[in-house]
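Asks: As they're listed, the protein sequences go chains A and B.
Per this note's numbering, residue 1 is the first one in the first sequence, and the count goes up by one each step.
Per this note's numbering, residue 1 is the first one in the second sequence, and the count goes up by one each step.
The hints are simulated quantities; they were obtained by calculation from the structure and are not laboratory data.
In this text, all values refer to a predicted model and were calculated from it rather than measured experimentally.
C-beta atoms are modelled at their ideal positions from N, C-alpha and C, and glycine is treated no differently.
Don't take every hint at face value.
Pairwise CB distance ranges, derived in the manner of DEER restraints [as the list claims (entries may be wrong)]:
no. : chain 1 : residue 1 : chain 2 : residue 2 : range
1   : A       : K57       : B       : L74       : 47 to 57 Å
2   : A       : E37       : B       : G161      : 39 to 49 Å
3   : A       : D170      : B       : R156      : 33 to 43 Å
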Amino acid sequence: MLRRLKIAVWGLLIAGAALAGLTQLGWISSGGLPRVEVTIGGPFELTDHNGNRFSSKSLEGRPFAIFFGFTSCPDVCPTTLLEMSNQLKRLGPAADQLTVIFMSVDSERDTPSHLKAYLANFDHRIVGLVGSEQEVRAVAKSYYAFYEKVPTSTGYTINHTASVYLMGRDGRYRGAISYHEPEAHQLAKLRRLMEGNP
Amino acid sequence: MRRFAVIALLALALLPAGAHAQKQTAVKEFVVGPIKITQPWTRVTPDASTVAGGFMRITNTGTVPDTLIAGTALISHRFEVHEMVMDQGVMKMRELRPGLVIRPGETVELRPGSFHVMFIGLKQRIKLGHPFKGTLVFEKAGTTEIEYSIEPFGTRVPGDGGQPMPRTSETGQHQKKSH
Numbered sequence: 001m002l003r004r005l006k007i008a009v010w011g012l013l014i015a016g017a018a019l020a021g022l023t024q025l026g027w028i029s030s031g032g033l034p035r036v037e038v039t040i041g042g043p044f045e046l047t048d049h050n051g052n053r054f055s056s057k058s059l060e061g062r063p064f065a066i067f068f069g070f071t072s073c074p075d076v077c078p079t080t081l082l083e084m085s086n087q088l089k090r091l092g093p094a095a096d097q098l099t100v101i102f103m104s105v106d107s108e109r110d111t112p113s114h115l116k117a118y119l120a121n122f123d124h125r126i127v128g129l130v131g132s133e134q135e136v137r138a139v140a141k142s143y144y145a146f147y148e149k150v151p152t153s154t155g156y157t158i159n160h161t162a163s164v165y166l167m168g169r170d171g172r173y174r175g176a177i178s179y180h181e182p183e184a185h186q187l188a189k190l191r192r193l194m195e196g197n198p
Numbered sequence: 001m002r003r004f005a006v007i008a009l010l011a012l013a014l015l016p017a018g019a020h021a022q023k024q025t026a027v028k029e030f031v032v033g034p035i036k037i038t039q040p041w042t043r044v045t046p047d048a049s050t051v052a053g054g055f056m057r058i059t060n061t062g063t064v065p066d067t068l069i070a071g072t073a074l075i076s077h078r079f080e081v082h083e084m085v086m087d088q089g090v091m092k093m094r095e096l097r098p099g100l101v102i103r104p105g106e107t108v109e110l111r112p113g114s115f116h117v118m119f120i121g122l123k124q125r126i127k128l129g130h131p132f133k134g135t136l137v138f139e140k141a142g143t144t145e146i147e148y149s150i151e152p153f154g155t156r157v158p159g160d161g162g163q164p165m166p167r168t169s170e171t172g173q174h175q176k177k178s179h
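Just chain A, same shape as in the assembly:
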């Protein structure tokens, strides 16, 4: 009688352990959806608005915000640059730990010196980056950021993702600020980014 009980208990324990193990491995669904990991972001190296090479390695261990645009953009880009400048001011001394990057998707027209002149009206801490078509395309792709050149009767314009990507100290994507998001929300997101909270 006792022996049968022992066998039963052991059997149950082993079965239980096996189930737990198989669930961990994902062979058996624990009730949720299969996990798919998409990595937003990635290493990059381009030229900054001072004409120096700028590598994402220099951002290791520090949070940063990055958005894509171009200087012939009449609304979204100046507005985003203005809003980010305002947020940097509101963050106070902590803002020095946050790098804000404006990456140009207009390799044809935006040169480092042009970008520097354009950024002269905004917070001096904002970093402008330019690169070749290939370099820029690779970075935008890693961020799942969309852009497309559209011809017009006198030249071309570029449609582009209007969001600001927020990247944590660990280099991982932490969220985004949408265009025209209320400034209080923007500030809260940036503060959480700096504190390291998701």
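Starting from the known structure of chain A, fit chain B onto it as the hints suggest.
Replies: Okay, now just chain B, sitting in the frame of chain A:
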């Protein structure tokens, strides 16, 4: 009698000031055929900007649709008519060809983030207090001269005061409040 004369003289003296004040706040309107163009405006842009947007309200008081097909501005080499649409987080700007249609009885507002005209290839910086002239060409109504008033940087609605430019090229420093 003398007191009356003094008062009358004072009133007369102040009249031009009153009229001048009225001119400053009057909203500019331009008419060509059944098309009425109200308050064309633009705003100061970052120093190194090569483009700027122009905004206004266009009303068609007529009985047939008309289209804004072209224009000019003294401030720029080129001029285009655009629409802006936010499509799933992507800001898309599209040149309207043949142009912007104004239906009979309709008022279309050209404003930041929506329809606008584009000044491309700025010949000089857009400056407060320096309005500039331009033309608008309508398919049916024809061409009219208009004038763009200048609003501060960051204005979204005329008169909202805009936003301070974080840095100005003159000082190269963060803008300080001055009175």
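Asks: Hints first: check each against the structure and report whether it holds.
Replies: Here's how the hints hold up against the structure:
1. The hint said 47 to 57 Å for the Cβ distance between K57 of chain A and L74 of chain B, and at roughly 49 Å that hint holds.
2. Between E37 of chain A and G161 of chain B the beta carbon distance is about 47 Å. The supplied range of 39 to 49 Å therefore holds.
3. Our hint of 33 to 43 Å for D170 of chain A and R156 of chain B holds, since their Cβ atoms are close to 37 Å apart.
Checked against the numbered hints given earlier, the structure satisfies every one of them.
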